[in-house]
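Please put together the full structure from these sequences, using the hints given.
Respectively, the protein sequence lines represent chains A and B.
The first sequence begins at 1 in my numbering and counts up one residue at a time.
The second sequence begins at 1 in my numbering and counts up one residue at a time.
Hint data in this document are derived by calculation from the structure and do not stem from the laboratory.
Remember, it's a predicted structure, so these values are computed and weren't measured experimentally.
A portion of the hints provided could be inaccurate.
[Said to hold, decoys possible] For lysine-lysine, the following DSSO-like pairs were computed, each having C-alpha atoms within a straight-line distance of at most 30 Å:
(1) Lys433(A) x Lys13(A)
(2) Lys101(B) x Lys456(A)
(3) Lys169(B) x Lys364(A)
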Amino acid sequence: MLMDLFKFKGGVKPPSNKLQSNHLPIAQAPMPSRLVMPLHQSIGGTPRPIVAAGDHVLKGQMIGEADGWISAAVHAPTSGTVVEVAMHVRPHPSGLDSLCVVIEPDGKDEWIARTPIDHNAAAPADVFHHLQQCGIVGLGGAGFPAHGKLTPTKGVPMDELIINGAECEPFITCDDLLMRERADEVVRGIAVFRDLLQPKKVLIGIEDNKPEAIAAMRAAVDALNEPFSVVAVPTLYPAGGAKQLIRVLTGKEVPGSMRSTADMGVQVFNVGTAYSAWRAIAHGEPLISRILTVTGNVHAPRNYEVLIGTPMGELLALAQPHPDTDGILMGGPMMGFLIPNPQVPVVKTTNCLIAHDDRLFPPKAPEMPCIRCGACARACPHELQPFEMYWFSRAKNFGKTQEYNIFDCIECGCCSYVCPSRIPLVQYFRFAKSEIWAREREKNASDQAKARFEFKQLREEREKADKAEKLAKAAAAQAAKKAAEAAAAAAESGADAAVATAAPEMDAKRAAIEAAMARAKAQREAVQPKNTEHLAPDQQKAADEIEARRVAAHLIEDRVSSEKATAAPTAQLDPKS
Amino acid sequence: MDILLAIAIMALGAVVLGALLGFASIKFKVEGDPLVEKVEAILPQTQCGQCGFPGCKPYAEAIVNGEEINKCPPGGSEGVQRLADLLGREVKPLDAEEKPKQIAIIDENTCIGCTLCIQSCPVDAIVGAAKQMHTIIAQQCTGCELCLPPCPVECIHMAVIPETIDNWKWKYPVVAMQVVAADKAAAIKEAA
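Printed below as a string of structure tokens:
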């Protein structure tokens, strides 16, 4: 089929190194000794563990439940026993630990009951839920939950559904082999996506260095009588980047600020995602295995179907690495990273393992000063200016890096690849990006702290005002009451009415004070000593002594002489002053 | 006659422009000091009082009125740098040692529920009630340490926030040092 293709700017042509691993069919990797399933394997919320140490799990049983809409479940890759739910290292450039479920296989490989879904009969929401429950995520690299991409943006007609079989990174051949061997199921998966998204056309983009895959996909499309176009795109790294593939196939340019390409009526899925979505829909199989290339400095490079959670070291051993292998690279040589140790498990987004050695990847010569040659800007597929971003990242002038659109950088590595001064440009950009994110987080936190502090101050002020108001009210009420009493007392005693009217306030106050004092006195005198009837002589003596001291201190009137003895209760009633 | 006209024109111009300026100064009056707000935006809002002022805003006001800019330990030397850039002042070393970011943690077995720490927390990051166990909302804690002194049973301690995958950052690319053999180094030295 003939169609006009477009070009994206820049790009590089590194040695493809794909021939080593693409001549052998996909092999089934043997059951590993143990499986480590990191719970966080996709973009979005970290699934919550729903199993505990000691539980017996079946193959395909859910062990991590999706947390939120953008999140996908995680499943046991085989039957066995949960050894622990603990922190283990997961493939991430930081080499830090995250929560994993460790499963010891029982060797039976016993499936849980699988429930396929008829996507034609079911409501789209049910299909999305099924895909989420099956843990289907984008297998191209980013690992975005697939169901999150299957809803067209409201008001924007879906023009093109693009299936990404470009596989532009050197060394990697897993998508190539998948399309050669399982084209039929890939196409069926694409048909499901098509039914959900209702695009005007479906384009399958495959780099022209994979003629067998193109032929197999065309045959499958014809056999299933689907109106999909299988398009051979020129081999140029990074043609497999979503934005680049959109550009090549449709001529549309994705604006940097656009969060989802669905907003412009295009959606892109990897071929692997289509395949695993079909397995989930037609067979009810969750995403527990994937195809993965093992290559690099090994005797027998080839593709394996691997259970997620398999330790990478065990996989590499299958391909018989040469003795001078000094590390494992996950992903391709352009965007991959060295994993910290061979125990790191395969995750859903692991597409390739490369045995690293100094012959294949010679140590980088030391960084030299930037000579502003502009080679990086010519190579950048996003038409950015890496040399400018480099200057500002290096100077930690992050505001400027954002002015140069550092967040449009897809970290493809073209600039570092062409740099004659061997500057690790992408590392500078990653540093700048994570620093900007960290600052954003700090800014949010400090804004929140400020708001909370201001609210606390406001609250304290309000409480103080409330309290003062209450006190004032109480005092006023008390004064009014006393005034009323005093007035009553004055009226009763028939005091001089003229004086009372002349200075009613003063008089009322004085009268109130006098009345209060009289009341207090009466009360004091009314109190009779208690428990003084049957006192032992020594107790009586002690009480008398205390009473004498009180009299001496003029605390009470001399009652001892007139009455018998006074004991503790009176003392308590009498104020000390 | 001409000169009178000229004076009249100039006078009229002066009156019109004066009226315009007067109107503008009322119409576009800026409430508050915008510089204080800018300074405050740089301060970390821990409200810890380690600068000697009761909160970040009073310190921001003091800075604008000539106070030193190196008195905010949570802001770190980077904060001093940013303040210096904003105000055109000289960068000074921080007036205290720089600490990594911390949060307070209450030992809930020892807590007696006295509510003293709740009252001292400037950002309401502690939950609890009288005679009930208290706990700190980690996300809201600014690490100001103001809750440490009031605690009668010393059940609060500060802990450095651990590095996780979520807060991990790419490091600044470090240029690898070249190992030069001793004889080669000597030759370079001689040549120099």
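Hints and how they fare:
Proximity of Lys433(A) to Lys13(A) is assessed by CA-CA distance (about 26 Å); at most 30 Å being required, the pair is judged to hold. At roughly 23 Å between alpha-carbon atoms, Lys101(B) and Lys456(A) fall within 30 Å of each other, so this suggested pair holds. For the given pair, Lys169(B) sits about 23 Å from Lys364(A) by alpha-carbon distance, which is consistent with the 30 Å threshold.
Of the numbered hints given earlier, the model fails none.
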